[in-house]
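There are 2 protein chains.
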Amino acid sequence: MTRVQTERIRSWWGWGWADAAVTGTERAELLARLPPHWVDEQLPVPRIADLDLRAPRVSPPDSLAPICTVHPHVRAAHTYGKAYRDVIRALHGDLGAAPDVVAYPESETHVTALLDWAGDTNVAVIPYGGGSSVVGGVEYRADRHRGVLSLDLTRMNRVLEVDRTSRAALIEAGALGPVLEEQLAPHGYTLRHFPQSFEFSTLGGWLATRAGGHFAMRHTHIDDFVEALRVVGPTGTSESRRLPASGAGPSPDRLFLGSEGALGVITRAWLRVQDRPVHKASRGVSFPDFPTGLAAVRAIAQSGLEPSNCRLLDEAEAAINTGRADGRAVLVLGFESADHPVDTALVRALDISQDHGGSVDSTSTQDSVGGWRAAFLRMPYVRDALARSGVLVETFETACTWDTAVAVCETVRERVRAATAEVCGETGIVTARVTHVYPDGVAPYFTVIAPSKRGREVRMWDEIKAVASDVLSGLGASITHHHAVGRDHFRWYEAQRPDQFGKVLWLAKNYLDPQGILNPGVLFD
Amino acid sequence: MTRVQTERIRSWWGWGWADAAVTGTERAELLARLPPHWVDEQLPVPRIADLDLRAPRVSPPDSLAPICTVHPHVRAAHTYGKAYRDVIRALHGDLGAAPDVVAYPESETHVTALLDWAGDTNVAVIPYGGGSSVVGGVEYRADRHRGVLSLDLTRMNRVLEVDRTSRAALIEAGALGPVLEEQLAPHGYTLRHFPQSFEFSTLGGWLATRAGGHFAMRHTHIDDFVEALRVVGPTGTSESRRLPASGAGPSPDRLFLGSEGALGVITRAWLRVQDRPVHKASRGVSFPDFPTGLAAVRAIAQSGLEPSNCRLLDEAEAAINTGRADGRAVLVLGFESADHPVDTALVRALDISQDHGGSVDSTSTQDSVGGWRAAFLRMPYVRDALARSGVLVETFETACTWDTAVAVCETVRERVRAATAEVCGETGIVTARVTHVYPDGVAPYFTVIAPSKRGREVRMWDEIKAVASDVLSGLGASITHHHAVGRDHFRWYEAQRPDQFGKVLWLAKNYLDPQGILNPGVLFD
Numbered sequence: 001m002t003r004v005q006t007e008r009i010r011s012w013w014g015w016g017w018a019d020a021a022v023t024g025t026e027r028a029e030l031l032a033r034l035p036p037h038w039v040d041e042q043l044p045v046p047r048i049a050d051l052d053l054r055a056p057r058v059s060p061p062d063s064l065a066p067i068c069t070v071h072p073h074v075r076a077a078h079t080y081g082k083a084y085r086d087v088i089r090a091l092h093g094d095l096g097a098a099p100d101v102v103a104y105p106e107s108e109t110h111v112t113a114l115l116d117w118a119g120d121t122n123v124a125v126i127p128y129g130g131g132s133s134v135v136g137g138v139e140y141r142a143d144r145h146r147g148v149l150s151l152d153l154t155r156m157n158r159v160l161e162v163d164r165t166s167r168a169a170l171i172e173a174g175a176l177g178p179v180l181e182e183q184l185a186p187h188g189y190t191l192r193h194f195p196q197s198f199e200f201s202t203l204g205g206w207l208a209t210r211a212g213g214h215f216a217m218r219h220t221h222i223d224d225f226v227e228a229l230r231v232v233g234p235t236g237t238s239e240s241r242r243l244p245a246s247g248a249g250p251s252p253d254r255l256f257l258g259s260e261g262a263l264g265v266i267t268r269a270w271l272r273v274q275d276r277p278v279h280k281a282s283r284g285v286s287f288p289d290f291p292t293g294l295a296a297v298r299a300i301a302q303s304g305l306e307p308s309n310c311r312l313l314d315e316a317e318a319a320i321n322t323g324r325a326d327g328r329a330v331l332v333l334g335f336e337s338a339d340h341p342v343d344t345a346l347v348r349a350l351d352i353s354q355d356h357g358g359s360v361d362s363t364s365t366q367d368s369v370g371g372w373r374a375a376f377l378r379m380p381y382v383r384d385a386l387a388r389s390g391v392l393v394e395t396f397e398t399a400c401t402w403d404t405a406v407a408v409c410e411t412v413r414e415r416v417r418a419a420t421a422e423v424c425g426e427t428g429i430v431t432a433r434v435t436h437v438y439p440d441g442v443a444p445y446f447t448v449i450a451p452s453k454r455g456r457e458v459r460m461w462d463e464i465k466a467v468a469s470d471v472l473s474g475l476g477a478s479i480t481h482h483h484a485v486g487r488d489h490f491r492w493y494e495a496q497r498p499d500q501f502g503k504v505l506w507l508a509k510n511y512l513d514p515q516g517i518l519n520p521g522v523l524f525d
Numbered sequence: 001m002t003r004v005q006t007e008r009i010r011s012w013w014g015w016g017w018a019d020a021a022v023t024g025t026e027r028a029e030l031l032a033r034l035p036p037h038w039v040d041e042q043l044p045v046p047r048i049a050d051l052d053l054r055a056p057r058v059s060p061p062d063s064l065a066p067i068c069t070v071h072p073h074v075r076a077a078h079t080y081g082k083a084y085r086d087v088i089r090a091l092h093g094d095l096g097a098a099p100d101v102v103a104y105p106e107s108e109t110h111v112t113a114l115l116d117w118a119g120d121t122n123v124a125v126i127p128y129g130g131g132s133s134v135v136g137g138v139e140y141r142a143d144r145h146r147g148v149l150s151l152d153l154t155r156m157n158r159v160l161e162v163d164r165t166s167r168a169a170l171i172e173a174g175a176l177g178p179v180l181e182e183q184l185a186p187h188g189y190t191l192r193h194f195p196q197s198f199e200f201s202t203l204g205g206w207l208a209t210r211a212g213g214h215f216a217m218r219h220t221h222i223d224d225f226v227e228a229l230r231v232v233g234p235t236g237t238s239e240s241r242r243l244p245a246s247g248a249g250p251s252p253d254r255l256f257l258g259s260e261g262a263l264g265v266i267t268r269a270w271l272r273v274q275d276r277p278v279h280k281a282s283r284g285v286s287f288p289d290f291p292t293g294l295a296a297v298r299a300i301a302q303s304g305l306e307p308s309n310c311r312l313l314d315e316a317e318a319a320i321n322t323g324r325a326d327g328r329a330v331l332v333l334g335f336e337s338a339d340h341p342v343d344t345a346l347v348r349a350l351d352i353s354q355d356h357g358g359s360v361d362s363t364s365t366q367d368s369v370g371g372w373r374a375a376f377l378r379m380p381y382v383r384d385a386l387a388r389s390g391v392l393v394e395t396f397e398t399a400c401t402w403d404t405a406v407a408v409c410e411t412v413r414e415r416v417r418a419a420t421a422e423v424c425g426e427t428g429i430v431t432a433r434v435t436h437v438y439p440d441g442v443a444p445y446f447t448v449i450a451p452s453k454r455g456r457e458v459r460m461w462d463e464i465k466a467v468a469s470d471v472l473s474g475l476g477a478s479i480t481h482h483h484a485v486g487r488d489h490f491r492w493y494e495a496q497r498p499d500q501f502g503k504v505l506w507l508a509k510n511y512l513d514p515q516g517i518l519n520p521g522v523l524f525d
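Top line first, the protein sequences correspond to chains W and B.
Heads up, the first sequence is in the numbering used here, so the first residue is 1 and it goes up one at a time.
Heads up, the second sequence is in the numbering used here, so the first residue is 1 and it goes up one at a time.
If you're looking for bench data, these hints aren't it; they were derived computationally from the structure.
Note that the structure is a prediction, hence the values are computed from the model and not measured.
Do not take every clue at face value.
To be verified - So the derived label-pair ranges between C-beta atoms look like this:
#, chain 1, residue 1, chain 2, residue 2, range
1, B, Phe376, W, Pro277, 31 to 39 Å
2, W, Asp224, B, Arg456, 55 to 63 Å
3, B, Ala375, W, Ala495, 22 to 30 Å
4, B, Glu494, W, Glu182, 48 to 56 Å
5, B, Ser359, W, Glu410, 56 to 64 Å
6, B, Asn122, W, Pro277, 55 to 63 Å
7, W, Thr165, B, Gly327, 23 to 31 Å
8, B, Asn122, W, Ala495, 30 to 38 Å
9, B, Trp506, W, Met379, 43 to 51 Å
We treat Cβ as the ideally placed atom computed from N, Cα and C, and that holds for glycine.
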């Protein structure tokens, strides 16, 4: 079951597979598309031997030694998530936050033993799935622990049980996306949760961060698939009953969904799975501008049609992602079903699009959807290549109700362009797209590409990001729709979270993690 | 805006409008359908003057007097919910639990002032919406308070704001179903949340109990419509941000959804509203037996078609509710949309039904759906008439995954028949229907009709209900899908709730309600 993980080597400093990094012609073509003065000499990847990692300050007892490692490569790879600022710091060899030990538990017994040891010795424990956080979710930033343990759960990766009648599966939290899909496939099932990080993120990570898949409606967050959770913590194990729905008091699972490793270690969950879709229909629609497209998307979102894809790209995104240079915004609409044809639904959604000023492409977008998906999955590798070459590239996202959607999109683009101009010396490229839609609102997603100054990249991005976050907060939008809070969003999350709820969460933290060893700095200051 | 409430008088002892009680010919026909020896002389409704309510032990300060009453009729009407055991106790004049004072706050300022007074004087506060609880949700059973205040929120019943762009509305929690629908109608909107108690329950009550509407899929619980909540408690006010979705930490709203008045008083909420459906299609299907029908329902639930109605009645339910006497189980399938025709979806669902052994009725069920709905809303009045005439009538419900659905339905019917035989001297009538369906499970709903013994009705029902609850618990089903926990379900709820979550909830309770005045006995022992 670990075939997927072991055949290839993961990059310790950047995204994905080491051998999939953008190089050669691909890199040259990529850089050629940017203003030449943005492009710097390529940052070399430091040699692990040169990293000069601090010697481990703690070491686990002999009984745990077989599942632990202090190998510098592994410690380096577990230091950060995969944000732009993480990649930059890794490339600069700035790995002061490296964990002292990385553990690979193979059972809940191992997890409990590791937590016991950590509690006894005041070692911080950072639950680690695929390490794809882009918000500082797996990075130790506190200074009140004797050491730091990265708890890598990827060896707990089995589909333990499949209930064909209820169409549900009990899956261990450390299963990476492809690992769990590979085990569901023989049953004809799929979880159908495909975040951009799919290959390099785990079920447990998705649950702990309320991850968003790539479908635009219906099942947007992993939350929607949860029947029951099992969570192991320093003071015991919590397990909820498998239920399709319940009205029995506040939902127990909702306490742990989004808890980001701060309240316990999610070890397994019963998830609703689905039959693989066989009916598909999709088409592109273009609009004179982004607000016109947004109005069409809103009408579709409020129609009850529930497209699986409803991805609106602004003019700049469309140009970058589809190659079209006509200055139009582009909507990719798609429907899928395992049971029945979806052509009628697509026709109706296209009618609505046309009623709202859209021009429907003459041919099916099946090919372009495939192309788009490949580009989508390739994007983080591209980001790494650009980062190495002196280009600042990062994304952020939000959710807001429809009444503020245009203001959020336009204000963010405008203010972030201004911030980028101030910080980077020129406005760069700031684009918007819509990734998820709801009857009452939308999740916009923004990308910033601009020239950076070597050595100042992290500070530059942090300044731009703070402006973006302030705009979102000021307009009442969420600090995140699906990237989670981590450490980077804490300030704005705290402003967004009702104070009384924050206090209740803190009481939960103190009870569930009395020694304060679980992912310190996440959800709480 | 209070027209709906003030034109007619509510029954203080039973369901609904006093003038809508079952009498005369309707009553005679109803009783004629039962074995004559089940029917007792009709219990008279006690005169309020004869009730001999305990004198109020506390009285609010002068500043609150204008919004408070100690009128015996009002106190009597606020003593219990509307379960069988509540009606029986009221008819027997057993009103020892009557609140000392009933308050009708008209603003959050009033709510806060009432909570302050209650906290200062150790008075229990029972938030009260429509009073339709069937699980002891609004009944004081503790003995450690100086008095009891029933906090009737129905004067806080306005739709404060409608956001047409986001299709959402800010609604005060005390609005009864018809009161809020009447205010949404001029905008062309509906909340489309129609529990059986619709006329006599409030938005706040729905939110606090995670109420279920009558639609079978998609939007089953009120939870699904919540954008943001505002909750006033003894230690302050909690207000969440309006968002269509969020990934920013554990959901704050989910702490209060299902909190049953024990953690705070929900005063207003932003709710997703909908356009009124104009496309409808429905049809009846019959099956040789209930398990065959269940298999068809499961296939439909897993098809992604999402019917608005998918109500399966077992043989006995079908006979009682539709008059058919062919011993077949009946499924009523319906689709609705405000945007597009739904005939294709119905045809596909009927195909699936036929593939699973169903016989499709030759004509549309539009008429029978209307008739069924009228009977559905009439049911509580019928229950009251039967209760007055010596017949034990009560319902209970659950949710379970599909793998246990047949076992739950069959075991419950079998064990409850046995319990009824033991308690009542004969098996009576025990029926099952399916009210809500999910891809991974189902919500079965049971009705018990049997002869009772005057003066022992409550104990008889409690014994039967305990057997039913033990069966549900033993099979891993929920103690409730949409009737809430109240006080009657506490024992089984506590067994179902993960211990660690129970402890966290208790910490929340101690923080949010440090004096323990909010609905004592609910969610916590």
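These are the hints, each one checked on the structure:
no., hint, verdict
1, Phe376(B) <-> Pro277(W): 31 to 39 Å, "36 Å, holds"
2, Asp224(W) <-> Arg456(B): 55 to 63 Å, "47 Å, violated"
3, Ala375(B) <-> Ala495(W): 22 to 30 Å, "51 Å, violated"
4, Glu494(B) <-> Glu182(W): 48 to 56 Å, "40 Å, violated"
5, Ser359(B) <-> Glu410(W): 56 to 64 Å, "57 Å, holds"
6, Asn122(B) <-> Pro277(W): 55 to 63 Å, "60 Å, holds"
7, Thr165(W) <-> Gly327(B): 23 to 31 Å, "26 Å, holds"
8, Asn122(B) <-> Ala495(W): 30 to 38 Å, "36 Å, holds"
9, Trp506(B) <-> Met379(W): 43 to 51 Å, "46 Å, holds"
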